[in-house]
Every structure is written in structure tokens, then in C-alpha cells.
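**Student:** Work out the full structure, taking the sequences as your base and the hints as a guide.
Take the sequence shown: its position 122, counting from 1, is numbered 121 in numbering that gives the first Met the number 0, and each next residue is one higher.
Some hints could be false.
Unchecked claim - Ranges between beta-carbon positions, derived for each pair:
| hint | residue 1 | residue 2 | range |
| --- | --- | --- | --- |
| 1 | SER132 | VAL155 | 19 to 29 Å |
| 2 | THR1 | GLY156 | 22 to 32 Å |
| 3 | LYS26 | LYS151 | 21 to 31 Å |
| 4 | GLY156 | PHE29 | 31 to 41 Å |
Keep in mind that the hints were calculated from the coordinates and are not lab data. All values derive from a computational prediction rather than experimental measurement. By construction, the Cβ of each residue, glycine as well, lies at the ideal position given by its N, Cα and C atoms.
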Amino acid sequence: MTSLVIALVSQGRNPDATVTNIFVPVKSNFERVISCSGAYDSVDTNCSPSHGLQYQATGWSVSWNKKINLAFLLPYLQSGVILNILNYEGSNAAFTVGPQTVYQTLDPIKAALSSIQTTNIGADANVTMFGYSGGGFATEWATEIRAWYAPKLPIVGAVIGGPSPNVTSTYYNVNKVPLSILNGAAILRIMSEWM
0 MTSLVIALVS QGRNPDATVT NIFVPVKSNF ERVISCSGAY DSVDTNCSPS HGLQYQATGW
60 SVSWNKKINL AFLLPYLQSG VILNILNYEG SNAAFTVGPQ TVYQTLDPIK AALSSIQTTN
120 IGADANVTMF GYSGGGFATE WATEIRAWYA PKLPIVGAVI GGPSPNVTST YYNVNKVPLS
180 ILNGAAILRI MSEWM
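**Tutor:** Okay, structure coming up:
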């Protein structure tokens, strides 16, 4: 695994940074990259993929990233596809902040395609974006804004699973259940990014 730290801007156009983790299989197809935005739906930066994928990491992110995400992605690695696993919520864990996820999704793809000296990925490799749940939300935003923000990226497709079609309805449906704490956390993150 290679981790890249990327300087970028936040939704408010302030300096920010993110991390992307690139898995290059032994028998790689350097013309194919899957850029993965998993479902780490959290306002805690310690739940980000780059944290959970560290050697001897602890906490919630470990079970999610190492057991679920990697188990799901293992067949792709075995077929030689390069994986680019994103911290799409950024350095502030901006859960549900759509415009922020555009930069946190597309800039790491740009970085991966510029990392030939480290990863051997070519600048013209075909990229498929994949996202589920909060990652589906990020992938959806990136897909919609890509033509304006990064029109030259060689993205050939996007797979979006489980995004919230309506954040307001999700707020009401999740209210009064154990996960309702995410409602308040998401609102705080949205406020912090827009104020």
C-alpha cells in the first residue's frame, strides 16, 4: 500500500489536505484503477480509511476498513485492478458535505494518476469511481461536478450504491434510533463547512 498526502482546498476554498491509499497488486493492470469511497459515515477522522488501514490501528475504523471494505475489494485486487481508497470526508471528517467531497474525491484521483514514479500508474489509466452509502454520496457529487472541476480525468464510469436520495427524509427516518446521533453530527459538520 502506498499512501499519498494531497494538498487541496476545502468547500470554503481554504487550504486543506487529504490522504489516499493506493493498493497495487503483484500482477497489476496499470491501465485500470478503481477509486473507492467506502461507507465510513462518521464525523470522526479516526474512522477514515487511512487510519483504519494502518498497521496496528485500533478503533471502529479497523473492523470496517480491514474486514468489510477489503473483503469486498479483494476480488478486484486478485484480478489485478489497482485500488485507490479515499478519505473523501477530508481532514475535518466533513460527513454529508457534498461540495467538499468533490475535491476529496477527484483530487486524489488526480494524485494517483500523477504517481507513476511511485506506483507505475499511468496518467491515462481508466478510472472507475465506486462509492457506497456516504461514499455513494461523495461519488454522486464528484460525478455531477467532474465536467466542471476535472473534465480531463479519464473517468470511464461510476458505481453508486446506497446514497441518501434526500438528506431531509434520512434525517427524519434515522431520528429516535441508536444511529440518530449521526443526525446532529452531520448538521454540525455542514454548519462548520458553510460558516
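**Student:** Indicate, hint by hint, whether the structure satisfies it.
**Tutor:** Verification of the supplied hints:
At about 23 Å, the CB distance of SER132 to VAL155 agrees with the hint of 19 to 29 Å. Against the hinted window of 22 to 32 Å, the Cβ-Cβ separation of THR1 and GLY156 comes to about 24 Å, which satisfies the hint. Under the hint 21 to 31 Å, the C-beta atoms of LYS26 and LYS151, about 29 Å apart, fit the expected range. Taken as a hint, the range 31 to 41 Å is violated for the pair GLY156 and PHE29, whose Cβ atoms sit roughly 18 Å apart.
In this structure, the one hint that does not hold is number 4.
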